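Q: Read off the chains here:
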Amino acid sequence: MIKEIIKILENTKIKRPLVHSITNNITVNDCANIIHAAFGAPTMAQDEREVEQITSLCSSLVLNLGALKAQDAMLKAAIKASELNHPIVLDPVAAGASTLRSDTGKILLEDAKISVIRGNASEIRALAKGSTTTKGVEANQIDSTTEENLSKAIEMVFNYSLQTGCIIMMTGAIDLISDGKTTAVLHGGSEMMSRITGAGCMLTALTATYCGANPDKCFESAVTAAAVMNVSAELAEKRVRELTEGTASFRTRLIDFVSMISSEQIIKNIKLEILKK
Amino acid sequence: MIKEIIKILENTKIKRPLVHSITNNITVNDCANIIHAAFGAPTMAQDEREVEQITSLCSSLVLNLGALKAQDAMLKAAIKASELNHPIVLDPVAAGASTLRSDTGKILLEDAKISVIRGNASEIRALAKGSTTTKGVEANQIDSTTEENLSKAIEMVFNYSLQTGCIIMMTGAIDLISDGKTTAVLHGGSEMMSRITGAGCMLTALTATYCGANPDKCFESAVTAAAVMNVSAELAEKRVRELTEGTASFRTRLIDFVSMISSEQIIKNIKLEILKK
Amino acid sequence: MIKEIIKILENTKIKRPLVHSITNNITVNDCANIIHAAFGAPTMAQDEREVEQITSLCSSLVLNLGALKAQDAMLKAAIKASELNHPIVLDPVAAGASTLRSDTGKILLEDAKISVIRGNASEIRALAKGSTTTKGVEANQIDSTTEENLSKAIEMVFNYSLQTGCIIMMTGAIDLISDGKTTAVLHGGSEMMSRITGAGCMLTALTATYCGANPDKCFESAVTAAAVMNVSAELAEKRVRELTEGTASFRTRLIDFVSMISSEQIIKNIKLEILKK
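Chains as they are written, first to last, in my numbering: chain A, 1 to 277; chain B, 1 to 277; chain R, 1 to 277.
So that you can see chain A by itself, here it is in the shape it has in the complex (with noise of 0.2 Å):
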């Protein structure tokens, strides 16, 4: 698998795909930004009058449930895209917290084909069993996977992926990636992660950048996104320590380390372990 990431990555840079994201508010220039930092180049586009066009030219769409307001935007982008072809990257950014998140979810799910899904523990619940113990942006303590529920949750992904088709990434302090064959288990990261905004919607765009230059390797494409941010945000830990810096810096160097990131820092630092059903 390390082979095939080092693949994703190189021809990721050669390709510099365009990333077609429809993402929301808050986070939308860091997600632009780690795009860039990937080799890819981001179009935002959001206008429903638009979006078919704007796709059409793209490499990969992302559908963030943040942007709810691009609700028709996105179902477009969606359906043209599929039509292409293009893989295709749903965050379900609070799903769970309202009613008209879960339902735009399950609409987006039905009418497009999704090819990962990238949320939080709490955000892959609600769309998988429906359960609503979503609170705004952050996984819920009790959804969280740790050491002691590890095999339960491996389980639920798996099981998720076999039901859906798609990709199943549901990330946080460990990451599970399941294509409802194979299944990564990703350790590392850091817990500075959690105290800045748009971590998860950056690995959305980060993992939508690499399916973008290699959309037959969307499994492996995920993994590399999960492994270049553990990697990245472990070594933006280091440096704001060593200088005495904050949760700010934290980010401006996680989007850094994302653009400088080598093979040899991959290989040195990823904590990667594959399952086999």
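Please note that a few of the clues may not be correct.
[Said to hold, decoys possible] With beta-carbon atoms standing in for the labels, derived distance ranges:
(1) Gly165(A) / Gly165(R): 34 to 42 Å
(2) Ser262(R) / Thr164(B): 46 to 54 Å
(3) Glu110(A) / Asp72(R): 31 to 39 Å
(4) Pro215(B) / Ser263(A): 48 to 56 Å
The hints are simulated quantities; they were obtained by calculation from the structure and are not laboratory data. All of these numbers come straight from a predicted model, not from anything done at the bench. For each residue, glycine too, the CB sits at the ideal point set by N, CA and C.
Fit chains B and R to the known structure of chain A by using the hints.
A: Same frame as chain A, but now just chains B and R:
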């Protein structure tokens, strides 16, 4: 009061309040990040179809007049938060610069139980007196609180608090906070705060974070927010000057210091005077 | 011209112009911060119910095609600003990538007195020739100005300026600015500008800031903005490389250097050629 401030900081760190901010697109990312920095958790939902559900999950609410397109959402969230006795902090961004903003401010003050109004001198005067000296989002110089007009400004803030029943927080080079019984006068901060966007919006978000964790102590929470902002700005300016950095680094380091602020730093640097009427 | 540039910088610092920017959500915060960095004051109001009132308080206006949902607001503000003879800077973001954007650009050019059009090579060509090589917000490589196609590009910009009566600012690795009499050619800048979002939008906002303080010197203001951006980018890249930082730090340091730029730094680093026809 210093003891109260320290208690408020500790309490916020333990409770990690969920803060619902309906705020403008310009500084929404900064606001979310400063809520995180202060150990709160942000949700910036502003779709009128879900804001009542969202605000019900939260501990406090920000209404920022810069979010004019979310007028209906603000009103719905405000009424729901009022029912639930959540502290509501109103930021009358650029009130007085347009009729629409002044009118929206008045509607929210009439229909919701506002706990704190946080604005610059021009904005507070526009609400209090219907004056229209506001030019954009900066305080007009003729309105600014100075040593010369300080006693008059204190009286104005005190009286406007009595009249509205709200805590009034009129901030600038000198910050005045009154609950109609006690008035706090804070000096300090940094001139660099006027060279970045969002210093005011962030202070509002910070106030709502502390109020969310300390709903019975909104006056003390407002004083805490002003103190944390001033001391963090001083530390940020010092760091920025040492490293020959500019305004964008100041913004980053301001949020950094909010995320790292200690009781010792507050005690050492706060310049606070308490006036009892 | 160097003397003019220094005068423009000094004048802006004294006048602190209020700049009304109707711009996209992706880079709105960066734009507001660069206006502040350049000693202007930003207001980003885009509600059609208030934009005429707001723009009347201001000194210049930005119309950024990325703000498609604010089409009515742009038109209203543009007409009012035209009446008041405020300099208007149009940024045709991604013109050519969708019919909607190209059409909106045309309407604004017809109905308002645009002083400056600032875009990348694909965007300017899309407006000038109706070409549709634009892909997203980046200039298409086949359009980019290079040493090879430089004389043809100069001719195009010159002629398009004559045809429209607007100052044309076609920026990229080489920046061309023409008012139909004189054409400025600027080299310099940093390749890292293409690894962040918002470099173009920020340059547009910077141009409007200098134009706002120097309304009779829009051509010189445009040259100043390009020069300040290029020199700041060079200084930022140097700092970032020294400190082993990445793209997000580059963005921060770019705005930093804009906020600190001195006449000496401009004189020492500017790479400017003036062509008279």
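Q: Looking back at the numbered hints, which does the structure fail to meet, lowest number first?
A: Number 1 only.
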